[in-house]
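K.L.:
Residue 98 in our numbering sits at position 98 of the sequence shown; the count goes up by one each step and never skips.
Treat the hints with caution; some may be incorrect.
What the hints assert, rightly or not - 30 angstroms max Cα-Cα, derived DSS-like pairs, lysine-lysine:
| # | residue 1 | residue 2 |
| --- | --- | --- |
| 1 | 110 | 140 |
| 2 | 197 | 117 |
| 3 | 205 | 45 |
| 4 | 110 | 205 |
| 5 | 201 | 110 |
| 6 | 171 | 140 |
| 7 | 197 | 45 |
| 8 | 201 | 171 |
| 9 | 188 | 170 |
| 10 | 201 | 170 |
| 11 | 168 | 188 |
| 12 | 43 | 26 |
| 13 | 110 | 168 |
| 14 | 197 | 182 |
| 15 | 9 | 140 |
| 16 | 171 | 141 |
| 17 | 168 | 205 |
| 18 | 141 | 182 |
| 19 | 43 | 197 |
| 20 | 188 | 201 |
| 21 | 117 | 171 |
| 22 | 110 | 182 |
| 23 | 72 | 117 |
| 24 | 110 | 197 |
| 25 | 170 | 117 |
| 26 | 170 | 182 |
| 27 | 117 | 201 |
| 28 | 205 | 9 |
| 29 | 170 | 110 |
| 30 | 182 | 171 |
Claimed, not checked - Derived Cβ-Cβ restraints for the label pairs, each shown as a range:
| # | residue 1 | residue 2 | range |
| --- | --- | --- | --- |
| 31 | 68 | 136 | 36 to 42 angstroms |
| 32 | 161 | 110 | 24 to 30 angstroms |
| 33 | 44 | 189 | 19 to 25 angstroms |
| 34 | 135 | 54 | 32 to 38 angstroms |
| 35 | 136 | 197 | 26 to 32 angstroms |
| 36 | 222 | 54 | 26 to 32 angstroms |
| 37 | 83 | 161 | 31 to 37 angstroms |
| 38 | 13 | 110 | 26 to 32 angstroms |
These are computed hints drawn from the structure, not numbers from a lab. From the three backbone atoms N, C-alpha and C, an ideal C-beta is built for every residue, glycine too.
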Amino acid sequence: MHRSAENEKYPLRVTAESWLGDIPLKDLQIRHFAVWRDERLLKVKPNTVMRELRILRVLIDWVRDERGAEIKDNPARQLRVRGTGDARAPFFTDQDEQRLLFELSQMSNKNHLRLTKLALTTGFRRSELLSLTWRNIDLKKRIIYIHRKNCAATDNSSAPRLVPLQGKAKKILEELSERHGKIIDLTKGAARHGFDKARQKAGLKTLRFHDLRHIAISRMWSSGMNALEISACSGHRDIKMLMRYSHFQLSI
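Throw the hints in and build the complete structure from the sequences for me.
P.N.:
Structural data, given as C-alpha cells:
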C-alpha cells in the first residue's frame, strides 16, 4: 500500500536477510544500527545509507505505533550518517539537453522523447507523467489535474492537485493528434530502459530521470516564478523541500 513500495522492497529484503534482521525488535539498540551503517558504507554511498535508514525509521515507528510492538523508542532515529549531501545538483547544459533529446528522437517510439520533454517543462515525477490521461488535461483552462497517493505513514488517500499548464508543455500536448487514453503510452520498465539507453548514448552516464525534476524547477526559479507558483507545479508543500530542488546554476 505504500506509495514508494516498489523502491523500498529491495533494501528491506537485504536488511531482513542480514544479521540485523535476526534481532528481536525489543532488543534493538542504536549500536546495532551503527554497525549496520558502517557495514553498508563499505558497499554504498552515504546518501544511499541515509535513504535506507529513513525507510527503517518509518517502518519501526509504524510497527510500534500501529502494531503494538513492545519498544519504547526508535533507536534508528538516534543514528546519524556523515557525508550525506543535502541535495543533488546535476550539471546539465543546453548542449547536454540537445544530445539527450536527439538520442530520444531516434527511437521508434516517440513516447520516450515526449516523456523527457514534458519532464523538463513541468517538473513532474516520472510516475505522474506515466499516469496522466487526457481526462487530466484541460487545454482551454490551461490546467492539469494530478492525483497523487499520500504517504502510507499518513493515510492511503489520493491528494488532488491543480497544476497550471505552462506554455512549452501546452505546445507539446497541442501537437498530439490523438487525444484519448494515456498521454504517455509507456510502461514504467520501458520508460526507464528508453531513458537509460538514450542518456548512455548521449554521454550522460550520471544523469537520472529524477534529475530532470531538479532542472525543471531550477528553470522555473530562473524565469522569475515565485515559490507559490513553483510549489503549485511541483507539488511541494514544504518550502524547505522545494529549495532542495532549486539550483540556479542549472540554467546554463
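K.L.:
Does each hint hold? Answer for all of them.
P.N.:
Against the structure, the hints come out as follows:
1. 110 / 140: OK: residue 110 and residue 140 at ~25 angstroms, within 30 angstroms.
2. 197 / 117: 16 angstroms, holds
3. 205 / 45: 17 angstroms, holds
4. 110 / 205: The hint holds at about 22 angstroms.
5. 201 / 110: Within the cut-off at roughly 17 angstroms; holds.
6. 171 / 140: 12 angstroms, holds
7. 197 / 45: 24 angstroms, holds
8. 201 / 171: Between residue 201 and residue 171 the Cα gap is close to 27 angstroms, so the pair holds against 30 angstroms.
9. 188 / 170: 23 angstroms, holds
10. 201 / 170: 29 angstroms, holds
11. 168 / 188: 24 angstroms, holds
12. 43 / 26: Between residue 43 and residue 26 the Cα gap is close to 28 angstroms, so the pair holds against 30 angstroms.
13. 110 / 168: 17 angstroms, holds
14. 197 / 182: 23 angstroms, holds
15. 9 / 140: 41 angstroms, violated
16. 171 / 141: Judged against 30 angstroms, a Cα distance of about 14 angstroms means the pair holds.
17. 168 / 205: Holds, because 27 angstroms separates the two Cα atoms, which is no more than 30 angstroms.
18. 141 / 182: At roughly 19 angstroms apart (the allowed maximum being 30 angstroms), residue 182 and residue 141 satisfy the hint.
19. 43 / 197: 26 angstroms, holds
20. 188 / 201: 20 angstroms, holds
21. 117 / 171: It holds: about 11 angstroms lies between the C-alpha atoms, which stays within 30 angstroms.
22. 110 / 182: 14 angstroms, holds
23. 72 / 117: 49 angstroms, violated
24. 110 / 197: With Cα atoms ~14 angstroms apart, residue 110 and residue 197 stay inside 30 angstroms; holds.
25. 170 / 117: Roughly 11 angstroms between the alpha carbons, so the hint for residue 170 and residue 117 holds.
26. 170 / 182: 16 angstroms, holds
27. 117 / 201: 17 angstroms, holds
28. 205 / 9: Judged against 30 angstroms, a Cα distance of about 25 angstroms means the pair holds.
29. 170 / 110: 17 angstroms, holds
30. 182 / 171: Judged against 30 angstroms, a Cα distance of about 17 angstroms means the pair holds.
31. 68 / 136: 36 to 42 angstroms: 40 angstroms, holds
32. 161 / 110: 24 to 30 angstroms: For residue 110 against residue 161, whose Cβ atoms are near 27 angstroms apart, the range 24 to 30 angstroms holds.
33. 44 / 189: 19 to 25 angstroms: With Cβ atoms ~23 angstroms apart, the hint holds.
34. 135 / 54: 32 to 38 angstroms: For residue 135 and residue 54 the Cβ distance comes to about 34 angstroms; the hint holds.
35. 136 / 197: 26 to 32 angstroms: Holds: the Cβ-Cβ distance is about 28 angstroms, inside 26 to 32 angstroms.
36. 222 / 54: 26 to 32 angstroms: 30 angstroms, holds
37. 83 / 161: 31 to 37 angstroms: Cβ of residue 83 to Cβ of residue 161: about 34 angstroms, so the range 31 to 37 angstroms holds.
38. 13 / 110: 26 to 32 angstroms: Given about 37 angstroms between the Cβ atoms, the range is violated.
Of the numbered hints given earlier, the model fails hints 15, 23 and 38; all others are met.
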